[in-house]
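> Here is what each chain is made of, one letter per residue.
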Amino acid sequence: MIFNSLQFASFFVVFLAVLFILPKQVRVWWILLSSLYFYSSGSIDNLAYLLSSTIVTWICAFVIDLVPNVDFKTKLLRIILLIEALVFDFGMLIYFKYSNFIMETLGASIPNSVRLLFSNSSELILPIGISFFVFTNTGYLFDVYRGKTRAERNLLYFSLFASFFPSIMSGPIERADRLIPQFRKYKDVKLFNSENIISGFSLIVWGLFTKMVIADRISLVVETVYSQYYVYGSIELFLASVAYSIQIYCDFMSYSTIALGCAKMMGISIFDNFDAPYTSESIKEFWRRWHISLSTWLRDYVYIPLGGSRCSKFRKCINIMITFLISGIWHGAGLNFILWGAIHGVLQVIGDIIAPIRAWLYKKTNAKTDGIGYHLTRTIITFLCVNFAWIFFRVSDYRVAFEIIRRIFQKPNWWVLFNDQLYNLGLGRREFNIFFVSFMALTLFDWYKNRRKQNFGDFMNDQPWYFRWVVLLVLLFAILTFGMYGPGYNAAGFIYFDF
Amino acid sequence: MKRVFNFVRIIAFALLVAILLGYWNEVFKFKDQNGMVGMDIYYSQPENSVDMLIVGSSHAFTDINTGTLWNEYGIASYLLGANVQPLSNSYHYIQEALKTQSPEVIVLEGFLLTEDTDYMSESFIINNTYGLHFSEDSMVAMNDTIPPDADLMEYGLYYGRYHSRYDELSSEDFTYGTTSDDYYSCFKGFHCLRAVTPTEEPHFNRRRDITMPLSLRVEYYYRKICELCQDRNINLVIVISPYAYYNYNDRMKYCTGREIASEYGFDFIDYNEYYDQMNLDFETDFHDQGHLNAFGSRKYTSLIGSYIDENFDLPDRRLDCTGTYDTWELNARFLDFDYYELNMISSITAEEFFAAVRELPDDYILIFRITNPRHILSFTSSILGYYDIPSIRFASDSVWVVESGVTNKYVLDDNGLFFDRYYGVHHLAVDNVGVYFDDDLFLPPSSGLEINVINQFSGSVVESITLDNDLIWR
Numbered sequence: 002m003i004f005n006s007l008q009f010a011s012f013f014v015v016f017l018a019v020l021f022i023l024p025k026q027v028r029v030w031w032i033l034l035s036s037l038y039f040y041s042s043g044s045i046d047n048l049a050y051l052l053s054s055t056i057v058t059w060i061c062a063f064v065i066d067l068v069p070n071v072d073f074k075t076k077l078l079r080i081i082l083l084i085e086a087l088v089f090d091f092g093m094l095i096y097f098k099y100s101n102f103i104m105e106t107l108g109a110s111i112p113n114s115v116r117l118l119f120s121n122s123s124e125l126i127l128p129i130g131i132s133f134f135v136f137t138n139t140g141y142l143f144d145v146y147r148g149k150t151r152a153e154r155n156l157l158y159f160s161l162f163a164s165f166f167p168s169i170m171s172g173p174i175e176r177a178d179r180l181i182p183q184f185r186k187y188k189d190v191k192l193f194n195s196e197n198i199i200s201g202f203s204l205i206v207w208g209l210f211t212k213m214v215i216a217d218r219i220s221l222v223v224e225t226v227y228s229q230y231y232v233y234g235s236i237e238l239f240l241a242s243v244a245y246s247i248q249i250y251c252d253f254m255s256y257s258t259i260a261l262g263c264a265k266m267m268g269i270s271i272f273d274n275f276d277a278p279y280t281s282e283s284i285k286e287f288w289r290r291w292h293i294s295l296s297t298w299l300r301d302y303v304y305i306p307l308g309g310s311r312c313s314k315f316r317k318c319i320n321i322m323i324t325f326l327i328s329g330i331w332h333g334a335g336l337n338f339i340l341w342g343a344i345h346g347v348l349q350v351i352g353d354i355i356a357p358i359r360a361w362l363y364k365k366t367n368a369k370t371d372g373i374g375y376h377l378t379r380t381i382i383t384f385l386c387v388n389f390a391w392i393f394f395r396v397s398d399y400r401v402a403f404e405i406i407r408r409i410f411q412k413p414n415w416w417v418l419f420n421d422q423l424y425n426l427g428l429g430r431r432e433f434n435i436f437f438v439s440f441m442a443l444t445l446f447d448w449y450k451n452r453r454k455q456n457f458g459d460f461m462n463d464q465p466w467y468f469r470w471v472v473l474l475v476l477l478f479a480i481l482t483f484g485m486y487g488p489g490y491n492a493a494g495f496i497y498f499d500f
Numbered sequence: 144m145k146r147v148f149n150f151v152r153i154i155a156f157a158l159l160v161a162i163l164l165g166y167w168n169e170v171f172k173f174k175d176q177n178g179m180v181g182m183d184i185y186y187s188q189p190e191n192s193v194d195m196l197i198v199g200s201s202h203a204f205t206d207i208n209t210g211t212l213w214n215e216y217g218i219a220s221y222l223l224g225a226n227v228q229p230l231s232n233s234y235h236y237i238q239e240a241l242k243t244q245s246p247e248v249i250v251l252e253g254f255l256l257t258e259d260t261d262y263m264s265e266s267f268i269i270n271n272t273y274g275l276h277f278s279e280d281s282m283v284a285m286n287d288t289i290p291p292d293a294d295l296m297e298y299g300l301y302y303g304r305y306h307s308r309y310d311e312l313s314s315e316d317f318t319y320g321t322t323s324d325d326y327y328s329c330f331k332g333f334h335c336l337r338a339v340t341p342t343e344e345p346h347f348n349r350r351r352d353i354t355m356p357l358s359l360r361v362e363y364y365y366r367k368i369c370e371l372c373q374d375r376n377i378n379l380v381i382v383i384s385p386y387a388y389y390n391y392n393d394r395m396k397y398c399t400g401r402e403i404a405s406e407y408g409f410d411f412i413d414y415n416e417y418y419d420q421m422n423l424d425f426e427t428d429f430h431d432q433g434h435l436n437a438f439g440s441r442k443y444t445s446l447i448g449s450y451i452d453e454n455f456d457l458p459d460r461r462l463d464c465t466g467t468y469d470t471w472e473l474n475a476r477f478l479d480f481d482y483y484e485l486n487m488i489s490s491i492t493a494e495e496f497f498a499a500v501r502e503l504p505d506d507y508i509l510i511f512r513i514t515n516p517r518h519i520l521s522f523t524s525s526i527l528g529y530y531d532i533p534s535i536r537f538a539s540d541s542v543w544v545v546e547s548g549v550t551n552k553y554v555l556d557d558n559g560l561f562f563d564r565y566y567g568v569h570h571l572a573v574d575n576v577g578v579y580f581d582d583d584l585f586l587p588p589s590s591g592l593e594i595n596v597i598n599q600f601s602g603s604v605v606e607s608i609t610l611d612n613d614l615i616w617r
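Line by line, the protein sequences are chains R and V.
Taken in order, the first sequence gives residues 2 to 500; the numbers are from our numbering.
Taken in order, the second sequence gives residues 144 to 617; the numbers are from our numbering.
So here's chain R without its partners, still in its complex pose (with noise of 0.2 Å):
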């Protein structure tokens, strides 16, 4: 069940009318029941996996609390019931995201007794959010371990807080510190608030506007000059990669948005997963904004146990780069993703070193940097460097993204820039219009959001009630005439299910 999609749409709008009559005592009972069976519609054998880690992440954070962490026993205790938390976890991630990979990797070199284990690694299926609902478990046995949160006793508020339907599938990765306490006070939360209802329901209908008219619309330009690489020349394959890096972030944004707005219309807040990312005027800043649970799940679980910044700058470099490596793992098994976090990890090493040099340079060639010159200028890099990444993560082989990015360079064709063969990449000069279009409105709230730090939800809320009528029916019919879906269309569903 995916969010652009009817069956969805009839779920949520059932869900929130029992939601809203039920009596309080009830409600967090109905969303732990709602959130199992929206799990599970794709497939009941997910259900056993997610509901195996919940309960032994549970198990594991509640005797690790129970332990007081005083002498080397308990301490062993603790540390051997996290590792055994984190071996089931992570286990059950490697095993059906990385056997293949593993496999094709490390072939002959691995011992008979682990090739008998990934024996049918070929014929895994993938386990829908299972990256997300690890990362979800894992956070919350390291704060449990840490002390940073008490253990929940309660598997009730536990379970939802592991299977909470709008992040589920592809986040945002929560904390319990956040999300627990929220369940533990729902039956005092008054549900129908009209601003929560605006708030959420604009969200969804943002989320719907960026997903069916922008990401699937440029879909199709991405889909017909990476299907193909090798007819094309510099200037379609650059701006497909321009293309690829507008489908990602609409698609993942767009389903965080719709998450949030979902979360939102029943009274639960969630992570706000993007900011705006593209306006960012370095690749730390880009992180800082762009899914912004993974990237604090990285920074409080991997970067500062590692050291963080409070070390040398060479070990602050090689933390950089392992932290960076690791996101592109969690993204997928592949050389790709790997090179794709290595870029990252290297662009934002590359950053901090060049940082002192280029206030230098600025200072010595009395160059201005306080204009919008300036801040335009590194805008642009910043989004080039990222688009140059995107290409990596974009292809299944490494080596097409190099012969790609060979192309981009050695096969200039500016001549397409004025006949109209560009509008033959999947976009006729229609299509194109109703994209722009629909883009341009992206960018001005992008840059509204920049500035006013308020996501669409908290914007609408502030404009009144025409305003905000005359917004919503603009947006809901561009979905219903302009949006891509019915007959013909594949709704294949967000990129990010994919990781």
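So these bits of chain V aren't anywhere near chain R, every CB distance computed over 10 Å: (1) G320; (2) R461; (3) Y565.
With the Cβ distance kept under 7 Å, some of the chain R side facing chain V (calculated, not the full set): (4) S195; (5) R431; (6) T482; (7) G487; (8) P488.
Derived from the structure by calculation, the hints contain no laboratory data.
We put the CB at the ideal spot given by N, CA and C, even for glycine.
Since chain R is already given, all that's left is putting chain V on it; use the hints.
Structure of chain V alone, referenced to chain R:
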């Protein structure tokens, strides 16, 4: 109080969305005459006004002319046809039709008795079902029409199919169902074809005793139709329209169809046995190998009408003064235009063209302009004489407009226009460049005598030709 106000506002917004969505759906929905429009408009017929219902495939809706049935016999008929309409859909259409009408006679065009395929392709499924208004029955019909492995939701959600029509919307999509004097307001399901393709008369064994079994699904629904008519006490007549690729296999299946019809006491008439009686000319009366044109459909329908008139006691609704049947009169008028216009556009010589033009009723406006007097020969001069237009040299400063048999001369005005007038909602203007009708420009194809024929009633430029040295340039 604030809470109530907020609640009311949310409900009002939802209502507004629903209303706009309803309108949006009307604009975007398919308006294909090959099935959907006929059924859609059927719902707006006055209750129990249809005396004769016709169902079937394109052999029905392009061949059985509702205008001829009205003009010659006063029969108020309605045609529920669709492209390649399988008998399962004919059955569901009849069922739906009988909810609001009580026809005395149902004519089933039986070409699809020959069908061997159980399920149609996607476009035919849509043609045969999307005219049905959404209801439980329409979903049953849809479920019956789609292949067993197809997803009912994919077909059942109509809007999902046509929401991307935004690049093909026309003014018709916005005015459909909103005006009272346009083509659709009086549409009775017949779609007149306006082209001439010479074909060859099929020759076949006329024996009626050699049969071939129908496919199981076809026979099942054929019998269901017969049983439905029997139960409802409706006279069912099965007809086979003339077509040029009629063959022996088809013939044997029709013979089976005839036997089954006789089991229920219904008549089965294969009109391919009656080419002479209807005076069918295979050189001029066919639009293509399978369908009759405006000429052929008149001849064929006339024979059907005569059979109905002789065997059933249908009232002559032309005598009705209540206004219920005004739309049938209007429909016949529109269909007459098809006949006149086909006569004109199929002409090859200048003589044939003017013979057709002289037959035109007063609904037509003729616009003459001499663009090159030196290219006007004797026949063209005689035409000008017929319409009181002087064949003067260098007459490019004038146009002549013939309306209701009266010729008026127009000269260039200060705005550079010869002629500028509204006919209802349609706008006609003529300047030095050409003729503008509803902002579409019609340019003369050559030099000599430029003639534009405009149907002011239907709002269309029917012909835009030049007579150059007595030859037609289109």
